[in-house]
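Peer 1: Given next are the chains, with one letter for each unit.
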Amino acid sequence: MIRLVDVCKSFGDKEVLHHINLTIEDGETLAIIGGSGSGKSTLLRLLIGLIRPTSGEIWIGDTEISRLSEAELDKVRLHMGMVFQYSALFDSMTVGDNVAFGLREHTDMPEKEVQRIVEEKLNLVGLENVAHRMPNELSGGMKKRVSLARAIAFEPEIVFYDEPSSGLDPIMTEKIDELISHTQQALNVTSVVVTHDMASACRIADRIAMVYEGELIAVDTVENFKNIRDERVQAFFHTLRTVKEA
Amino acid sequence: MLLKLLELVGAFVMRRLEEFGTIVLLYRDTMRELGHRPRPRHILSQMSHLGVDSLLIVSLTLLFTGVVFTLQTADILIKFGAQGTIGGIISIAIGRELGPVLVGVVCAGRVGSAITAEISTMKVTEQIDALRVMAVNPVNYLIVPRMLACMIVVPILTVFGDVIGVLGGWVIAVYYSGISSYLYMNSIHTFVEVFDLTGGVIKAIFFGNVIAVLGCYYGLHSPDGAEGVGKATTRTVVSSIIAIFILNAILTFILY
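For the record, the sequence lines run as chains D and B. Using this note's numbering, read the first sequence as starting at 1 and increasing by one per residue. Using this note's numbering, read the second sequence as starting at 247 and increasing by one per residue.
Calculated directly from the structure, the hints in this document are not laboratory data. Hints should not be assumed to be uniformly reliable.
Stated by the list, open to error - Label pairs and their calculated CB-CB ranges:
#, chain 1, residue 1, chain 2, residue 2, range
1, B, E473, D, H182, 35 to 45 Å
2, B, M260, D, H182, 46 to 56 Å
3, D, N136, B, L254, 38 to 48 Å
4, B, L413, D, G167, 54 to 64 Å
5, B, A257, D, N129, 55 to 65 Å
What the hints assert, rightly or not - For lysine to any residue, the following SDA-like pairs were computed, each having C-alpha atoms within a straight-line distance of at most 20 Å:
#, chain 1, residue 1, chain 2, residue 2
6, D, K75, B, A381
7, D, K75, B, R283
8, D, K175, D, H196
9, D, K75, B, D375
10, D, K75, B, N386
11, D, K75, B, E279
12, D, K75, B, Y387
13, D, K75, D, E155
14, D, K75, B, H282
15, D, K75, B, R378
16, D, K75, B, R278
17, D, K75, B, V382
18, D, K226, D, E215
19, D, K75, B, D275
20, D, K75, B, N383
21, D, K175, D, R203
Only a predicted model underlies this, so the values are computations on that prediction, with no experimental measurement involved. Backbone N, C-alpha and C fix where the C-beta goes; we use that ideal spot for every residue, glycine too.
From just these sequences and the hints, can you work out the full model?
Peer 2: What follows is the structure, given as structure tokens:
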């Protein structure tokens, strides 16, 4: 379980997140939505420990991570995976080496076993015969898939997705959404997806949390979320309806 | 007006002190990680990437330094009948000062900028965040191999450059100024001591260390965007060259 208790985050004088309280259950997929600059990516970076909260507590399971040293935090991160907005693949390594990176760094696994896992994870995300290719030879959608294969290679309990549909066409966005749902079912991981794409959030999430100007204004199941009367939430759904009508 | 000026100076000094403090902290973290998890393959790859590619520019720099130095001094020394000292003078000058300092400056431009450009690009494309998320310490993975590679490669390049520089001097002394080859070599044997070379090598180890740490620091703290990468690279070169000159003065004072 992931728990945020009264989390605030400021950069200098500017408070980006105000008193966030949120619980994410094991095995659930939570989509965090919000407009640009609303603070949703900051929230994700707090969850994975890339930045520290100004105040409040962040619990991953039984561990409060906001005051851990970087070395202690690394032990927690071994149970997490992350798919970055622009994939963040290591451009000096092949696709196979990218996926194998965590296994080679943190285990003494024989190379044959590493290669088997790399192949298995690449197949899971629908990629074959790409292990020898360099990231710059791949399309945006393929990079996202490799990034997901890398994130799940170490069998994490939690997978974070930062804007997984960013920069992709609608068809590829749907494929990535299917892949997120498929990964969640196949591995029973807890998934936290940050997105500004309401259609995407509705497709993949069990619950949706909306961040507006640094505040968590609504958290509910997808069905209930649609009925929330708050005009800021409705404005987001309005964009979804407009896209569907078009 | 005066108050405003003092405020500006104060702010500038505070920024520089803050920067210096962050570099010291990064240096401390790098030292802590030195023995933690050695990555010999990474070190060798960095040595090849940063060192071998610098051979040509180091050779050219020191070759022409030796040539010009001999051209400028040979005539005067011959006038005073001191042609028997020219090989020694060139070797001492290159071994103690010109070799390590010029190789340091060349490496600051060639190696330091390459380190900064690579690391800052990794930062901009979130690759450093990806390392942290995968529980890999960026200092151990990125900085330690580069620092060790530079501390090995810059001294090797310095010795190589010393030889090329002395050779350049020999060509001019023998074929232009008419000094005999035996006299040139004999003066090297007579005047040059082993420490003239090793002292320069010690300096080069320090220079390599500074180039790597500053290159990594400015890479890790580069402003976002393509312009940020450019700015960070320039800062690395300028700061490294200044640091090399200051360090050279201190080391010369201590060593000789």
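Peer 1: All the hints need checking, so say for each whether the structure fits it.
Peer 2: Each hint tested on the structure:
no.	hint	in the structure
1	E473(B) to H182(D): 35 to 45 Å	holds (41 Å)
2	M260(B) to H182(D): 46 to 56 Å	holds (53 Å)
3	N136(D) to L254(B): 38 to 48 Å	holds (45 Å)
4	L413(B) to G167(D): 54 to 64 Å	holds (55 Å)
5	A257(B) to N129(D): 55 to 65 Å	holds (57 Å)
6	K75(D) to A381(B)	holds (7 Å)
7	K75(D) to R283(B)	holds (16 Å)
8	K175(D) to H196(D)	holds (17 Å)
9	K75(D) to D375(B)	holds (16 Å)
10	K75(D) to N386(B)	holds (16 Å)
11	K75(D) to E279(B)	holds (17 Å)
12	K75(D) to Y387(B)	holds (17 Å)
13	K75(D) to E155(D)	holds (14 Å)
14	K75(D) to H282(B)	holds (16 Å)
15	K75(D) to R378(B)	holds (11 Å)
16	K75(D) to R278(B)	holds (19 Å)
17	K75(D) to V382(B)	holds (10 Å)
18	K226(D) to E215(D)	holds (19 Å)
19	K75(D) to D275(B)	holds (19 Å)
20	K75(D) to N383(B)	holds (12 Å)
21	K175(D) to R203(D)	holds (11 Å)
In summary, this structure violates none of the numbered hints.
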